[in-house]
Amino acid sequence: MTDRDDKALAGEYVLGLLEGAAERDAERRFGSDPAFAREVEGWRARFAALDDTAVPHPAGDELWRKIEAGVPAAAARTTPSSGAWTRFWNNLAALRATALGASLATLVLAVGLGFAIRAASQQPTMVAVLLDGNRAGAVVHAFADGRVVLVPITSIAVPAGRALEVWTLPSRERGPVSVGLMNQARTLQLSLKDLPPPGTDQLFEITLEPATGSPTGRPTGPVLFKGNTALAL
Amino acid sequence: MSHASPDNATEVQVAAALARCAAGDRPALRVIYDIEAQRMIGVARRMLRRQDLAEEAVQDTFMRVWRAAATFDPQKGAARGWLYAILRNSALSILRDESRFTSDEDAADQAAPMTESALSQLPETSALRRCLERLDPARRSVVVLSYVHGLSHGEMAGKLGVPLGTVKSWVRRSLISLQECMG
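Note that the protein sequences, when read in sequence, are chains Z and S.
Going by this note's numbering, the final residue of the first sequence carries number 233, and the count climbs one at a time with no gaps.
Going by this note's numbering, the final residue of the second sequence carries number 416, and the count climbs one at a time with no gaps.
Where hints are given, some of them may not hold.
[To be verified] Under the rule of at most 25 angstroms between Cα atoms (straight-line distance), these lysine to aspartate or glutamate pairs were calculated in the DMTMM-like manner:
#  : chain 1 : residue 1 : chain 2 : residue 2
1  : Z       : Lys7      : Z       : Glu19
2  : S       : Lys401    : S       : Glu388
3  : Z       : Lys193    : Z       : Asp145
4  : S       : Lys401    : S       : Asp330
5  : S       : Lys309    : Z       : Asp5
6  : Z       : Lys66     : S       : Asp285
7  : Z       : Lys7      : S       : Glu388
8  : S       : Lys401    : Z       : Asp145
9  : Z       : Lys66     : S       : Glu388
10 : S       : Lys401    : Z       : Glu23
11 : S       : Lys309    : Z       : Asp6
12 : S       : Lys309    : S       : Asp293
13 : S       : Lys309    : Z       : Asp145
14 : S       : Lys309    : Z       : Glu23
15 : S       : Lys309    : Z       : Asp3
16 : S       : Lys309    : Z       : Glu41
17 : S       : Lys401    : Z       : Asp3
18 : S       : Lys309    : S       : Glu244
19 : Z       : Lys66     : S       : Asp267
20 : S       : Lys401    : Z       : Asp25
21 : Z       : Lys7      : Z       : Glu41
22 : Z       : Lys7      : Z       : Glu27
23 : S       : Lys309    : Z       : Asp25
24 : Z       : Lys7      : S       : Glu289
25 : Z       : Lys66     : S       : Glu289
26 : S       : Lys401    : Z       : Glu19
27 : S       : Lys309    : S       : Glu388
28 : Z       : Lys7      : S       : Asp306
29 : S       : Lys401    : Z       : Glu41
30 : S       : Lys401    : Z       : Asp6
31 : S       : Lys401    : Z       : Glu27
32 : S       : Lys401    : S       : Glu349
33 : Z       : Lys7      : S       : Glu366
34 : Z       : Lys66     : Z       : Glu27
35 : Z       : Lys7      : S       : Asp369
36 : Z       : Lys66     : S       : Asp330
37 : Z       : Lys7      : Z       : Glu23
38 : S       : Lys309    : S       : Asp369
39 : S       : Lys401    : Z       : Asp5
40 : S       : Lys401    : S       : Asp369
I should point out that these hints are in silico values taken from the structure, not numbers from a laboratory.
Go ahead and model the full structure; you've got the sequences and the hints to work with.
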């Protein structure tokens with residue numbers, strides 16, 4: 001089969017036009033033939049804009065309840081609530097549980113954020129995705145030359161007279177250390193000059209603090225986003 | 234991508250939630266629901282016409298997403314693309330199950346307006362729009378009618394009043410042109 005035939009076949013598969021044996025064959029090749037799978041992904045990307053032309057329709061809680069009822073209960077996982085930040089800092093089990101989710105998210109995002117990384121013209125050695133349980137709020141990139149940069153990826157509301165303070169936990173003995181303060185979400189070079197370079201599974205978080213920063217040198221406000229570092233791919 | 238379309242941040246959020254689903258984190262599935270369910274119903278309704286069937290397709294999709302989240306590989310494609318491929322697959326299964334689906338309303342609709350309404354919703358800057366507009370209307374319609382409305386080769390032949398072989402060859406040539414145009 002020629003290259004061009006395969007491209008068109010992959011396109012027909014994505015259009016949903018293959019039936020019976022031809023469809024099953026394409027499905028099998030999608031799983032086993034990387035060149036064919038790349039063609040399929042190429043067509044999905046080309047046509048994706050058409051999905052976004054659909055008019056959104058209400059999706060109610062009833063539909064969600066049906067979905068939830070069909071999803072088997074997962075193993076119990078510890079997810080600390082953002083209000084319980086003091087317990088969070090002191091609870092190693094919670095830190096580890098969050099690290100699992102966050103490192104997986106990081107693996108995905110290290111790839112998904114290729115555009116941001118290219119813009120930095122240098123591969124970060126370490127990446128942390130800061131989440132609030134519902135959404136990713138910011139990414140921390142640590143570079144080989146010692147720079148550590150925080151890039152917000154969503155808008156973060158900051159009330160008047162307050163600021164966003166960035167913290168990291170270099171070691172449990174030392175406790176949280178302030179590494180940045182800003183009055184609005186923006187790309188921020190973090191100051192870790194007095195700290196060792198971030199290791200894997202090192203916690204970063206953003207808290208809401210008074211405009212001049214935490215008066216105690218420790219986080220005092222609610223944790224908005226948090227996540228742990230992982231090696232960049 | 235246009236201002237009207239979900240942006241890169243949405244893709245990043247869905248990808249992150251998918252990774253958490255893979256780790257067994259149920260609230261992450263709700264995150265995806267909150268971000269995408271409304272548009273997913275819209276996509277399924279264009280294919281299935283009925284709200285109840287569209288919801289069924291979306292429900293089936295979320296079950297499949299939960300079970301298969303660990304198989305999603307971000308190196309191979311976009312998270313939202315993966316999600317919508319599963320949705321289209323679910324909707325097509327319902328659509329092709331003719332014993333419980335009647336397409337009376339469907340048959341009455343004219344091909345041209347069905348095609349042009351989706352086309353006109355594409356952002357002006359979209360490469361897909363630019364390249365579809367280069368095709369002549371009949372060839373462009375087979376792409377949109379199959380992708381957006383889930384029509385089969387045979388249904389398109391009926392709607393366009395041309396032989397099955399002609400539809401098949403239009404699809405192939407349109408795909409080749411699009412691939413060359415979009416790269």
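Which hint numbers doesn't this structure obey? 8, 9, 13, 24, 27, 34 and 38
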